[in-house]
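> The listed protein sequences derive, respectively, from chains B and G.
Position 122 of the first sequence, counting from 1, maps to 1085 under this note's numbering, and the rest follow consecutively.
Position 84 of the second sequence, counting from 1, maps to 129 under this note's numbering, and the rest follow consecutively.
Derived from the structure by calculation, the hints contain no laboratory data.
Be aware that one or more of the hints could be misleading.
Once the Cα atoms are required to be at most 16 angstroms apart in a straight line, the calculated EDC-like pairs of lysine to aspartate or glutamate come out as [what the hints assert, rightly or not]: (1) 282(G) with 1283(B); (2) 1188(B) with 1034(B); (3) 1219(B) with 1185(B); (4) 133(G) with 445(G); (5) 133(G) with 144(G); (6) 85(G) with 58(G); (7) 165(G) with 237(G); (8) 496(G) with 451(G); (9) 1012(B) with 58(G); (10) 282(G) with 1247(B); (11) 282(G) with 1287(B); (12) 561(G) with 502(G); (13) 1012(B) with 237(G); (14) 608(G) with 131(G); (15) 1005(B) with 445(G); (16) 1236(B) with 1258(B); (17) 608(G) with 50(G); (18) 1219(B) with 1247(B); (19) 434(G) with 1185(B); (20) 194(G) with 237(G); (21) 434(G) with 455(G).
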Amino acid sequence: MAEVRTADTAKTTAPERSGQAGQSEPAEPAKPPKPSAKRTLKDYRSEVKPTWCPGCGDFGVLAALQRALAERNLDPRDVVIVSGIGCSGRLPEFVNAYGLHVVHGRALPAAQGVKAANPDLTVIAVGGDGDGFAIGGGHVPHAVRRNQDITYIVMDNQVYGLTKGQPSPSTPTGMQALRRSVSMPKMAPYEGVLEGQLNILAMVIVYGCSFVARTFSSQASEMAKIIGRGLDHPGFGFVHAMSPCPTFYNTYDPWKESFMPLPEDWDTGDRIKAIDMAMEEVGDGVFHSGVFFQDVYRTYTDKLQDVYAKAYGDEQATIDALMDQYA
Amino acid sequence: MDQLDLTIRIAGENGEGVLTVGDVLAEALARSGLHIYTFKNLPAEIKGGASMTQVRVQDTPVRSPGDALDILMVWNQENYDIHVGEVKPTGVVIYDPDECDADESLALTQIGVPLQTITKTVIKTMKSKNVLAFGILTACLGIPFDSAKQMVSESRWGRRKEFLESNINALKQAYVYVDENGIDLGLRVAVERKNGHAQLIMTGNDALCMGALAAGCRYYAGYPITPASDVMETLAKAMPRVGGVLMQTEDEIAAITASIGASFTGAKVMTATAGPGLSLMVEALGLATMEEIPLVVVDVQRGGPSTGMPTKTEQSDLNLAIHGAHGEAPRIVIAATNTEDCFYTAVKAFNLAEKYQTPVILLSDQHLSQRAQVMSRPDLSEVEIVERKQPELNGSVTPEEFDRYEMTDDYISPMPLPGRHGQHYVATGLEHDEHAHIDYSPEAHIRMTEKRHQKIESAVNEPGFVQRYGAEDAQLGLIGWGSSEGPILEALDRTLAKGYKVAALIFKMLHPLPEKEARAFIESIPVVSVVELNASGQFANYLQGRLAVSLQRFNIITGLPFKAGEIEEYIEGVLQYG
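Just chain G, with the same shape it has in the complex (with noise of 0.2 angstroms):
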C-alpha cells in the first residue's frame, strides 16, 4: 500500500520519561503535515509500573489507535515481554540489549540500541535518555537529521536553552548510533513543513474546553477526578484570559450546584467529572432538570464500577447518563466520537442546555479525552451559538403577572435573570406551578411532566446526532455511539472493501433517543449488533428496551479501546458463520 500507516509504541517504567518520548514524536509528526493518533496506557500510580505509549502515523486522518505494531521500542525486559507480542510479523522491535533479552526465536526484526549505556557513557546526562531515544525512532524513520534537530528545538526539549545543547547532542549521538551500525528500514517518512496554523494537535479534553468557550462558557466548577482533571487544569488557564471563573470546589456535588447557581443568573456553565463523581451529581440534576436551568456536565467515562479503572477506557455510565435520578428528570445525553468532534460537540452540549432549559450531558472517555489527534481549525464564524430564551427587556410585566414556566408551543419559557430582569422569582425544585409557586396539585404535576418530557423529547429532531454509513443492501448493520465511532467506520471501510455487505449506524445523541432511525435501520438489515465498550450493552438493552426488537452484541472490557482489527474480524465470523 501507499498509504502511510506505521503504528510505534514506546514501553518503559512509569515516570522513566517514554510518554514525553511518544508526546514530542507525535506533535512533531503532526507538525510535520501528518495525521497522529496516540494511545496511552499507565497504571494510575504516579512512579512505577509499566507504561506504554503509541502513536499511530497516517498521511490521512486516523480513525483507530492501530492493530499491530510496526515498530516497537522498549527500554527494558517487564515491557520487552508485555509487549513483544503485539508486533506484526514484518515489524521491527528496538530494545535495549544491556537492560533485556530478546528471544532470539521470534521471526522479527531486532535491534539492540544500548539506550542506558550511551546515555551514561557518551551523553553523560540521564535527562537525555528520551531524547536519545526520540532520535533513534526518526533515524529509523528515515527523517533527516536536520528535520529532527528543528523538531527537538521546537519541543518542550528545546524550552529551556540550558539543555537545549545536550538535547541536540544526545539527538546527534542518535544518529551517529544509527549509521555507523547500518540501521535501515528501508522507511523514508515524509516530512514537510504545512500551514501549522491550520491544523490543531489536541486531545479530547483540549477539544472541549476550547469548544465549551467558544459556545461562551464563562463559569466552570470543578473537582479532581482523572481523566477529568485536564479538563478543569486547562480551563484554569483559558477561563480568565476571557473573562470567566473558574472555581475548584470541594466536591462534585458542590461543583454542580455551584454550577446551577451560576447558570441561574445567566452564566453558560459547565463542569467536567467521572463516573464517581457524576454518581454524586445525579441529585443535583434532578434539580437542574426541574428547574429548568441550563447546565453541561462533562462525564469522561473509566473503567467502573467504584474507583474501578481510573486510567483505563470504558462507555459503562450510559446507564447513569440517561436513568440517573430519583423520580423521572428527562435531560439530555450526547457522546462526542473524536478530537475534532469534542469541539462541536461541546458547542452543541451548550446550545441544547440554552436552547432546552435542561442539563445536557456530553459524554466522553478515557481514551477519547487524552489522545492526541490532529485536527482542523475551527472557523469560528461557522460556529452557531444559541442564547437562551428571556423576557423583553420592557419591564412592564410585574412578577405577580409573570409565568416563569409559562406553557408555550415548544415548552420551554423565558428565563429571567437576576440583576437583568424585573420578573423575579424563585426556581424551586419542588413541584410547581406555571407561576413557579408551588403546587402539589395532580393537575400542576400532569401539567409540568408533560412540559419536561415534550421539551426534552423534542430535541430529537435537531440535525446531526444520527449518520448511516456502508452498504444499502447490507447484510451486517453495526449501531455504535460516540468514541467507538472511529475503529467501527474503519472496520467497516476495510470490510466493505473485501465484498463483506456491511453497514454502521452512529448514534451522537442518545437520550432523547432517535428512535425513527434507528427503527428504519434495524427494520432493514437481517442481523444488527450494537458495538459497545461494556460488559452488558446497555445501549442494546436501552435500544430493546424502547423498540421492542432483538439485538447482537459485540462487546469488550478489557479497559482499552477498539482496535478496528476486533471489529473487523468480529464482522467476519458474523457474516461467514452467522
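Only chain B is shown next, with the shape it has when bound in the complex (with noise of 0.2 angstroms):
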C-alpha cells in the first residue's frame, strides 16, 4: 500500500542544498563496485536486443555510449536516457539503466526535469534529427539556456527512418539526397526537398551550448571519447553523432570521405571559429570531427544554490510560516 502520513511532518531541513526535489529519503546503500570489479560495456547491455536495421548508424553510437559509461564505471541505478520518438528513440531500452522513453520531441524537457528534481543522476538525451530539430526544435535553445548537465545525444542521419524515409531538417537540400534514397523521391517527386538544411551544429554553437561536439557512429572509438568528454563536461553538453541510415538514405560512403577530424591545434574556447568552422564546412563538403567548443559556465544547479541561500538559508520555510503572508 501507500505509506501514509501528515503535512506537519515533513521533512524541513534539508541535510545538504542539494535541490534534490524528490527524495528526503535516503537511497538504498549503492553496493560499491570493488575496484577488480569494475564495469565493462556487458554490464550496461540490457536483455532486449536492438530492434534496428542491419548495419544502422546507431548500433555504433549504442556501443559508444556503453563503453563511456564503462569507462566511469557509473552505477545503472544513478543513470537515466530519456528519449523521444524515432529509430534513435529506441535506444534506452537497450541499455541497461534507468530509461524515459516520452512523446516525440520532448526528449530535452523530460531531461530536463529529470535533472532539475534530482542533480545527482546521470542524465542523458538521445534522439534523431527530426525529433530534435523539427518537432522538438524550440526545446533546443531552451535546454542550452539552462545549462543543466545533460549530455544530448543527437544522431543524425539526415532522414525519417521510422516512417520509412520521409526528409528531414538536416537532409540536404534539392535533388542531392534524392539520389542515395529509394524513399525520399516519394515526398520531393518534383524538385527534390524545397526546404534549405539546418545547419544543426552551427545552430547550437550561437545557442550558446557549452560543448559541442561531433562524431561519426563509424569512427567507434572516437565517438566513445567524445560522448565520454560530453558526460565529463559539467552543463549541457551537445554530441552531433553522424548516424547513418543504410535502409532509407545511406550515406556511409560520401561521409567516410568527407569526415576529417578538427585542426590539431583547434582551440576549442573560440566560439567565433567555431561557428566559422561549422558553417564553412559544409561549403567545403565535409565533416569535422572533434569538440567544437567548450567553456565552463555555472549549471542551472549551481545558481539554484543560490536562490536556496537566499530563500531559505540554513533552515526551509514550514508551510506554516509559509501561509502566514496571508493571515
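Put the two chains together into one complex; each comes in its own frame, and the hints tell you how they fit.
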C-alpha cells in the first residue's frame, strides 16, 4: 500500500542543499563496485536486443555510449537515458539503466525535469534529427539556456527512418539526397527537397551551448571518447553523432570520405571560430569531428544553490510559515 | 435582517487604481473578523477600458459574489452608465460629479463626491485618489476614523513610510468631507480585531499553491497564461523556501514533459495552465497515463474556445479534461469548489496522483482562482499525505526479475526511483508488458488496458468527492460541479426558506464518475437539472451518456460567475411553471 503521513511531518531541514526535489529519504546503500569488479560494456547491455536494421549507425552510438558509461564505472541505477520518438529513440531500451521514453520531440524537457528533481543522476538525452530539430526544435535553445548538466546525443541520419524515409530538417536541399534514397522521391518527386538544410551544429553553438562536438558512428573509439567528454562536461553538452541510415538514406560512402578531424591545434575556447568552421565546412563538403567548442559556465543547479541561500538560508520554511503572509 | 450582507462595487478606468481600493477594503474587512468574497471584472488589456472590483461582506462565510449592489462607487461616466442598473432599489450610488452626470430620474440615493477635485486641490497627490475613495467608503460604512487609519497603515499604502503621511492625509480628507456634508448611510459595520492568525485571506490560486506545497510538491514547471500565472508566481517565491525547484519553461508541452521527468525520479510535481495550455498538454497526459507517472495538472478554466476570453470565467474545459487525448487514456479529474477547498483539493490531487500513479487534472476557473475569500488556517497535523508505492529497499530483486507494471490486486504496482532503487526499467509510451518491455500482443494490450482503466475506476470509492444537500423529498434537484457549489447552495437555502422542495448534488470528482450517487439522486427526484457555466451542458451530456437518463439544464455563458439570485429565479421558475 501507499504510505500515509500528515503534512506537518514533512522534512523541513535539508541535509545539504542539493536541490533534490524528489527525495527526502536516503537512497538504498549502493553496493560499491570493488575496484577489481569494474564494470564493462556488457554491464550496460540490457536483455532487449536492438531492433534497428542491420548496418544502422545507431549500433555504433549505442556501443560508444555503453563504453563511455563503463569507463566511468557509473552505477546503472544512477543513470537515466531519456528519448523521444524515432529509431534512435528506442536506444534507452537497449541500455541496462533507467530509461524514460517520452513523446515525439520532448526528450529535452523530460530530461531537464529528471535532472532538476535529482541533480545527482547522470542524465543523457538521445534522439534523432527529426525528433530534436523538427518537432522538438523549439526546446533546444532553452535546454542550452538552462545549462543543466545533461548530455544530449543527436543521432543524425538526415532522414526520418521510423516512418520510412521522408526528408528531415538536416536533409540536403534540392535533388542531392534523392540520389541515395529510394524513399525520399515519394515526398519530393518533382524538385527534390524545397527546404534548406539546417546547420544543426552551428545553431547549437550560436545558442550559446557550453559543449559542442561532432562524431561519426563508424569511428567507434573516437565516438566513445567524445561522448565521454560530453558526460564529463559540467553543463549542457551537445554531441552531434552522425549515424547513417543504410535503409532509407545510405550515406556511409560519402561520409567516410568527408569526415576529418578538427585541426590538431584547434582552440576549443573560441566560439566565433567554431561558428565559422561549422558554417564553412558545409561549402567544403566536409564534416569535422572532435570538440568544436567548450567552456564552463555555471549550471542551473549551481545557480539554484544561490537561490536556496537567499530563499531560506540554513533552515527551510515550514508550510505554516509560508501561510503567515495570508494572515 | 440582522445578518450583515453588503455588496460594494468600485468601478473606474482600468489602471487608475480602483482594483487596489477593492483589494485593500477586502483585506481590511477580513482582518476585522468579517467574511469577504471579491469579484473583479476587467479587460484583458493592462491599461485602459472599464474595470470593476466588488466586495461582498458578511459576518458568516460568503458563498457567491452577491446579486444587486448595496453600494456602487463610480469614478467616471462610462462606469456610471455600465453599472448603475445593478444597484438595489435601496442601494446607494457614490459618483464623482465633476466626472459624470447622475441620472436624476432614478429612484436611488445618489451622493456626489468630487474625488478628482479633492485629490487635485486638497490632497495634491494624484496617487492618493484611491485612498480618498477608500476613506469615503469606510466612512459610509460607519467605520471610525481610527480603525480606518489602522487599516491604511497595515495595507500596501502603509508599506512605504514616505507615502504613509500623504495617504493618511487623504483618508482624513475623506472623513472630513463625509462629516461636513452630513453623509450618513445609517451603516455601522462592526470592525473588531479578532485573532487574525487563525483566518487567512487568500485567492483560490494562493490556496491551491499552499495545498500543493503541504502535500509535498517540490517541482513545478509552467508557462505564463492568464488566469493561471499567479500559481507560478506564488510558487516562484515559495518553492525555493522549501527546497523545491520552479522552472518557467518555453511552452506548456515542455512544462508537462519536464514535470513527467521530475516525477519519474520520485518528486511530487505540478503544472498549472488554462484552456489553451491544456490543449497543448493532452498528448503528454496520455504519456503519463501510459507510463503510470503521478502528475498534477491544474486547469484554471477561462472563456473559450481558442484565445477566447482570458479574463472571464467558464466551466467549459470539462470535455477536454476528461476525454482529451488520443487512444484511451483514463485519468482522474477533480474540481475545487471555493477558496478553502482549493487548499484541500490540491492536497487530494497529489494524494490521488501518488496513490494511483496517474495524472490528475484539478479544475479551477478564473473566478475561483482570482477572487479573495477568508478561510480558516489549515491544521497541517490533520492533513493526510499519501506517498507513492515503491519497491522494498532490500536490493535483492534484480532488474531482470522486477515487474514495474506487476498486476496486483489493486492494479497499482511499486514504482522504483532512479538513484534510489536498483530495479531500473525503461518507462515507455509504447504498449508494454508487466516487465515494461514493449509488447503489442493482444494479450498485453488487453491486460494493460484493464490495468489502466480499473485502477482509475477504483478511485471512485475515495470519500468526500460528492455531497447531497437540501430536501429529502425534493421536487427539483440541481446538479453542479466545482465552483458553482457556492451560488447553488446559497440559492438552495433561499428557496428552501421560502418553502420550495429542492435539493442539490455537488460533484468534486468528475472522472471516474461517482455513478451510484448520481443515479440515486436522479432517480429519487422528479426533475433534475444540471447547472453549469457552459453552453452545451458538458457535465449534463456526460451524465446522460453514462447513466442513460434525461436531464434538464441551466447554462449561463456571460463569462461571469453564477449569481445566487439567478439560480434562485431558475428554481422558482421551474417549480412554479414547470
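> Does each hint hold? Answer for all of them.
Going down the list of hints, with the structure as the test:
For the suggested pair residue 282(G) and residue 1283(B), the alpha carbons sit about 15 angstroms apart, so the restraint of at most 16 angstroms is met. Between residue 1188(B) and residue 1034(B), the direct Cα distance comes to roughly 10 angstroms. Compliance with the 16 angstroms bound is thereby established for this hinted pair. In summary, the hint linking residue 1219(B) to residue 1185(B) is supported, as the alpha carbons are separated by about 14 angstroms, within the 16 angstroms threshold. Straight-line distance between C-alpha atoms of residue 133(G) and residue 445(G) comes to about 74 angstroms, which puts the hinted pair past the 16 angstroms bound.
The straight-line distance between the Cα atoms of residue 133(G) and residue 144(G) is roughly 23 angstroms, outside the 16 angstroms bound, and the hint therefore fails. Proposed proximity of residue 85(G) and residue 58(G) is supported: the alpha carbons are some 13 angstroms apart, at most 16 angstroms. Between residue 165(G) and residue 237(G), the direct Cα distance comes to roughly 34 angstroms. Violation of the 16 angstroms bound is thereby established for this hinted pair. A threshold of 16 angstroms between alpha carbons decides the hint, and for residue 496(G) with residue 451(G) the separation of about 10 angstroms falls inside it, so the pair holds.
With a CA separation close to 68 angstroms, the supplied pair residue 1012(B) and residue 58(G) exceeds the 16 angstroms bound. The suggested pairing of residue 282(G) with residue 1247(B) is violated, with an alpha-carbon distance near 52 angstroms, which exceeds 16 angstroms. Restraint check for residue 282(G) and residue 1287(B): the C-alpha separation of about 14 angstroms stays at or below 16 angstroms, so the hint holds. At most 16 angstroms may separate the alpha-carbon atoms for a hinted pair to count; residue 561(G) and residue 502(G) meet this at roughly 13 angstroms.
A threshold of 16 angstroms between alpha carbons decides the hint, and for residue 1012(B) with residue 237(G) the separation of about 75 angstroms lies outside it, so the pair is violated. Under the criterion of a C-alpha separation no larger than 16 angstroms, the hint pairing residue 608(G) with residue 131(G) is consistent with the structure, at around 12 angstroms. Restraint check for residue 1005(B) and residue 445(G): satisfied, since their Cα atoms lie roughly 15 angstroms apart, inside the 16 angstroms limit. A distance of roughly 14 angstroms separates the Cα atoms of residue 1236(B) and residue 1258(B); the hinted pair therefore holds under the 16 angstroms criterion.
Under the criterion of a C-alpha separation no larger than 16 angstroms, the hint pairing residue 608(G) with residue 50(G) is consistent with the structure, at around 15 angstroms. Between residue 1219(B) and residue 1247(B) the alpha-carbon distance is near 15 angstroms, which keeps this suggested pair within the 16 angstroms criterion. The hinted pair formed by residue 434(G) and residue 1185(B) fails the criterion: a straight-line CA distance of about 43 angstroms is larger than 16 angstroms. Taking the CA atoms of residue 194(G) and residue 237(G), the gap is about 14 angstroms. The hint holds against a cut of 16 angstroms.
Note on residue 434(G) and residue 455(G): the hinted pairing holds, with a Cα-Cα distance of about 12 angstroms set against a maximum of 16 angstroms.
Violated hints, listed in ascending order, are 4, 5, 7, 9, 10, 13 and 19; each of the other numbered hints is respected by the structure.
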